[in-house]
Amino acid sequence: MVNQAKMVRYRHLVFHILEFLQMHQLYPDEQILKFKIELLNKTNKSLHHTEDAPQDIIIYGGRSAPLVTFLLNPNVVQELRGDKQFNLQMLKESYQTRLNVGITQHKLVPEETVMVIDSRCGEKFSVYKGSGNDSITQQFDACASWWTQGPDPAFQAELAREMAYTAARFGHVMFPENVYEPALKCDELLIDGVGKGWASRVYFSDNGSTAIEIALKMAFRKFCVDHETLLEFSEGRDEKKHIVVKVLALRGSYHGDTLGAMEAQAPSPYTGFLQQPWYTGKGLFLDPPTDILFNGAWNLSLPEFFAEISPEEYGTFSTRDEIFDKSRDTSTLATTYLAYVSKQLQEYSGNTQSAHIQTTILLRWLIVSAVIHGAGGMHMVDPLFQRVLVNECRNRKIPVIFDEVFTGFWHLGVETPAELLGCKPDIACYAKLMTGGMIPLAVTLATDALFDSFSRDPKLQALLHGHSYSAHAMGCATAAKAIEWFKDPDTNHNIIPQGGILRELWDEELVQQISCHSAVQRVVVIGTIFALELKVDAFNSRYASLYAKSLLQMLREDGFFMRPLGNVGLSNDLGFTQGFRIYPKI
1374 MVNQAKMVRY RHLVFHILEF LQMHQLYPDE QILKFKIELL NKTNKSLHHT
1424 EDAPQDIIIY GGRSAPLVTF LLNPNVVQEL RGDKQFNLQM LKESYQTRLN
1474 VGITQHKLVP EETVMVIDSR CGEKFSVYKG SGNDSITQQF DACASWWTQG
1524 PDPAFQAELA REMAYTAARF GHVMFPENVY EPALKCDELL IDGVGKGWAS
1574 RVYFSDNGST AIEIALKMAF RKFCVDHETL LEFSEGRDEK KHIVVKVLAL
1624 RGSYHGDTLG AMEAQAPSPY TGFLQQPWYT GKGLFLDPPT DILFNGAWNL
1674 SLPEFFAEIS PEEYGTFSTR DEIFDKSRDT STLATTYLAY VSKQLQEYSG
1724 NTQSAHIQTT ILLRWLIVSA VIHGAGGMHM VDPLFQRVLV NECRNRKIPV
1774 IFDEVFTGFW HLGVETPAEL LGCKPDIACY AKLMTGGMIP LAVTLATDAL
1824 FDSFSRDPKL QALLHGHSYS AHAMGCATAA KAIEWFKDPD TNHNIIPQGG
1874 ILRELWDEEL VQQISCHSAV QRVVVIGTIF ALELKVDAFN SRYASLYAKS
1924 LLQMLREDGF FMRPLGNVGL SNDLGFTQGF RIYPKI
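Residue numbers for the sequence shown, in my numbering: 1374 to 1959.
These aren't lab readings, by the way, just hints derived from the structure by calculation.
Be careful, since some hints might not be right.
In silico BS3-like cross-links for lysine-lysine, where the CA-CA straight-line distance does not exceed 25 angstroms [claimed, not checked]:
#1 K1860 - K1558
#2 K1655 - K1770
#3 K1502 - K1480
#4 K1497 - K1465
#5 K1860 - K1569
#6 K1655 - K1716
#7 K1770 - K1699
Kindly produce the complete structure, drawing on both the sequences and the hints.
Here you go:
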């Protein structure tokens, strides 16, 4: 937005432009009204008052009169609208004939359901649906475009200005052996923010999956140094000794689509033979307990291994805060968790002998999606279990990676989910909302000890991983602006300054009602995230399910855009309050 002085100077022209757009239905009425109100508030003058118009504006208005007359010609307007609608319709048709869209089965997306996004303003798309509806309408982005979006309209414009300035100043410059202000500022904000109290180094990359790849390499090296096995790997392996490197992770987690990240997660639809024919699953994958909201109460859902534990031993929780209470660390359940983890680690690691070859299985690192398993179905892992697991890995000198690509930067109501868990990682990965969702950028944070494990001769012991656009100036500048904005109470009015947490916007009564609905299997609600799993039979569950399709279509018809995870629907907090009043239709 222009500053106030310019706003006062040009308000006469701006108002007439707004009137023209509204008269000819070239822009949504809701946005036109919003701009008019903003114009009136910032200039503190009547929009129609022209006596104080600057002389040059009056002269400019006279010179532009022929253009205004031309644009007011009904035939011209009709032609412009026709061209616009033709272009929008061509875009709609090209979805099936020209494009190849990821994580989408094209045959299940009829042309009439494809929306053309003409623009975005804050939390909403301006969309063209066609099929007899030729107007531009508003659609709420309930899933925040795969959880990347956070800015309101004003901050969206501010980020755009920051990107434009940085692009004009830097374009793209090489990062290795160089330094520039946007990268260093972003580094400092990350260390003092999500990495506060443990991280000291930032490694820049381009997306969440590659941030994970870097984390895996870091953890492998740190384990080798701590357990004095680095020379064993660098000098080559004995033909009679076979070392198998494995990862420790949780079932239901998802860490990205690149090869290393895929190997660090349990079998799933993403790792099936038709998707990843080379997948072997190089890890010990534990079944985690999860917490769910069901029938108005928070319950602990335990995997089969804990079947001998009666519900009376762990019961239910009266509030979600009780789930995160660290007093649970001294409970009987914590002891049970520790026994399970220790038993699994003991049985999985060690040596085996066959055909004169000794095989040693080493669990080199732990990787967890802190608190929430996102793409795995929006499951909330019991924080007590993750805390016990992290502490046991610490005792065994196993490096700990937190995948916070999805959960980091306020998605769970705090800047980092490590605050909720009450424990720190050795390595953590961030992306998505870090830049306000305006441009891709990812980082892998690590301790000094991790960094030092690569600071050795020769050169080949350095971390040989990089990207052409590593630490690109536009991304770093945008991330720095977003990080500052999100945690500042003066700009982000949902922040509670005293506690450094987000003010949750949930309608608690409605959340409780939904959790009691006969069609709902479970609900997860925390921070900005709401997810519900619909009750289905075994054949319609999980990612391949199409069970939620009819509900999602109803929501979209009501101006509420959502992408499901099989039979799991999800929304951010603002979308919930606006869209889930439709839930009685389930």
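Structure-based check of all given hints:
Restraint check for K1860 and K1558: satisfied, since their Cα atoms lie roughly 16 angstroms apart, inside the 25 angstroms limit. This hinted pair checks out: K1655 and K1770 have alpha carbons roughly 19 angstroms apart, not beyond 25 angstroms. For a cut-off of 25 angstroms, the pair hint linking K1502 to K1480 stands: about 19 angstroms separates their Cα positions. Restraint check for K1497 and K1465: the C-alpha separation of about 19 angstroms stays at or below 25 angstroms, so the hint holds.
A threshold of 25 angstroms between alpha carbons decides the hint, and for K1860 with K1569 the separation of about 14 angstroms falls inside it, so the pair holds. Taken as a hint, the K1655 and K1716 pair is honoured in the structure, with Cα atoms around 19 angstroms apart against an allowance of 25 angstroms. Distance hint between K1770 and K1699 is fulfilled; the C-alpha atoms sit about 23 angstroms from each other, no more than 25 angstroms.
In this structure, every one of the numbered hints holds.
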